[in-house]
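Undergrad: The residues making up each chain are set out below.
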Amino acid sequence: MGMRLWWGVSAAVVLSFGLPACGGGYDAWSRSSASGGAAPAAVQTAPAPEPAYARGESVVREQPSDAMYRGAGDGARVRYAEADTGGAAAGGSGGDAGEDDPEPEEASDAHDGPLLIYLANVGLAVHQVDDKMSRVEALVRDAGGHLDQRTDQMIRVRVPAGRFQEVLHAILELGDVLSRNVQVQDVTEEFHDVQLRIRTLEAMYARVQRLLEESEDVRSALAVEEHLERITMQLETLRGRLRYLSDRVAFSTITVTFQEQSTVSEPTFELPFAWLRGLGLQNLLRLR
Amino acid sequence: MNRLIPLMVVALAAGCGPGFELTLPDRFVDLTDDPDVSHGHFQMRATTPDGVVVGVQELDHRVDGSLTFWSEAVTRRVRDQQGYALLAEEDITAGTGERGHLMRFGRDLSGHSYRYTLALFVTPDRIVVVEAGGREEAYEALEEGIERSIRAMRL
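So the protein sequences, as listed, match chains L and W.
Residue numbers for the first sequence follow the working numbering, so the first one is 1 and each next one is one higher.
Residue numbers for the second sequence follow the working numbering, so the first one is 1 and each next one is one higher.
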């Protein structure tokens, strides 16, 4: 019995590391999920309004798609729901992976569009900084977003993806815009890959846990528990990544920076007229 | 209402060109002849007690740049490189008919908001640069009078 158990554990470990990477574990998950494995997040997206970029706005699109903007529409959400934890693969005695985490609800792999992360960086001229930062905060609060970070020269906010365009345009109206950059990152493929790896590991966890229940001596039980621990750690890492991606898709990030262009860009062309370099308040107001 | 006092600066010294005449609101005092004041490249400077300062430079127009060229050069320098907010700009005419361009900027320094106005007059021989600035509250109270003075400037 001891040898059989060792072979079982070894095979389980090999599969636990091999299957997620090879991408062929979907069927395995489908079978195991029926026996109680925790399911991945359901993703719901809705069409977005076409973005209206103007005035030479710089837009960087990563992994461009003809449906690039659909994912960040009014209803772009990544939704978690409490799963039936009874018999959930990762919730057994061999580990507490995900016990306190909101478990994703039953999988619904079909979604309407790509999962997109929107990032915007806006450079505003340095004038009435405190007032403008407060107005950015108010705009974001009204849109259902929140402050992420604020310093003397910078404010970073998170806004629901469906309100991204509206809030960004409102921010651009606040002051003299020196620079702007919008990035769109398509994470659909990574999101589903992580989901798949989670499902596979959960199924593996369940199988190894059954081996633990069948173990007949302490040495074997400890070895199996060690493997369960490894699977648990992998699951926690992947679930963390899934939560991160979900959060980034659901809430877009807008960073507004107030600082002179010269400190944030490469050396600029400079006209050879000395009097131009003397312009500004520093020289004008220096009387002594 | 400010009573205007004439504050004449006539740069008639040899090599200084034909000069200019600028009449500022009565809250300003002319510092041009004060030897304790370092004027650097300014031909004239004046200040109010609360730190609104006006300065004028008169430069030889050594290259053939248009008003548009110099206005854009100033904007790139002040706005794009120094981070000033360009609040508004408009073409203006001096009291003696020369075409000019006026730009209103804003800038925070050490946690306080400042205003900075720059007017350019370009002739075939000269470029006259008028700068005015100070703390936002103090400047705004004088802005109208300062701009009226700039538009009435005699070159």
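Hints in this document: simulated from the structure, not taken from any laboratory.
Any given hint could turn out to be false.
Simulated DEER-style distance windows between Cβ atoms [what the hints assert, rightly or not]:
#1 L:Gln282 with W:Glu89: 20 to 26 angstroms
#2 L:Ala138 with W:Ser110: 46 to 52 angstroms
#3 L:Asn283 with W:Glu89: 46 to 52 angstroms
#4 L:Trp275 with W:Arg135: 23 to 29 angstroms
#5 W:Gly97 with L:Leu147: 23 to 29 angstroms
#6 L:Pro272 with W:His39: 54 to 60 angstroms
#7 W:Arg135 with L:Leu147: 25 to 31 angstroms
#8 W:Ala141 with L:Asp152: 25 to 31 angstroms
#9 W:Ser110 with L:Glu137: 18 to 24 angstroms
#10 L:His169 with W:Leu109: 25 to 31 angstroms
Covered by chain W, per the in silico footprint, the following chain L stretches (three or more residues, Cβ under 8 angstroms) [to be verified]:
#11 116 to 130
#12 213 to 226
Every residue gets a Cβ at the ideal spot worked out from N, C-alpha and C, and that includes glycine.
Undergrad: Are the hints correct? Go through all of them and say.
TA: Verification of the hints:
no.	hint	in the structure
1	L:Gln282 with W:Glu89: 20 to 26 angstroms	holds, 21 angstroms
2	L:Ala138 with W:Ser110: 46 to 52 angstroms	violated, 25 angstroms
3	L:Asn283 with W:Glu89: 46 to 52 angstroms	violated, 21 angstroms
4	L:Trp275 with W:Arg135: 23 to 29 angstroms	holds, 25 angstroms
5	W:Gly97 with L:Leu147: 23 to 29 angstroms	violated, 54 angstroms
6	L:Pro272 with W:His39: 54 to 60 angstroms	violated, 23 angstroms
7	W:Arg135 with L:Leu147: 25 to 31 angstroms	holds, 29 angstroms
8	W:Ala141 with L:Asp152: 25 to 31 angstroms	holds, 28 angstroms
9	W:Ser110 with L:Glu137: 18 to 24 angstroms	holds, 22 angstroms
10	L:His169 with W:Leu109: 25 to 31 angstroms	holds, 29 angstroms
11	116 to 130	holds (count 7)
12	213 to 226	violated (count 0)
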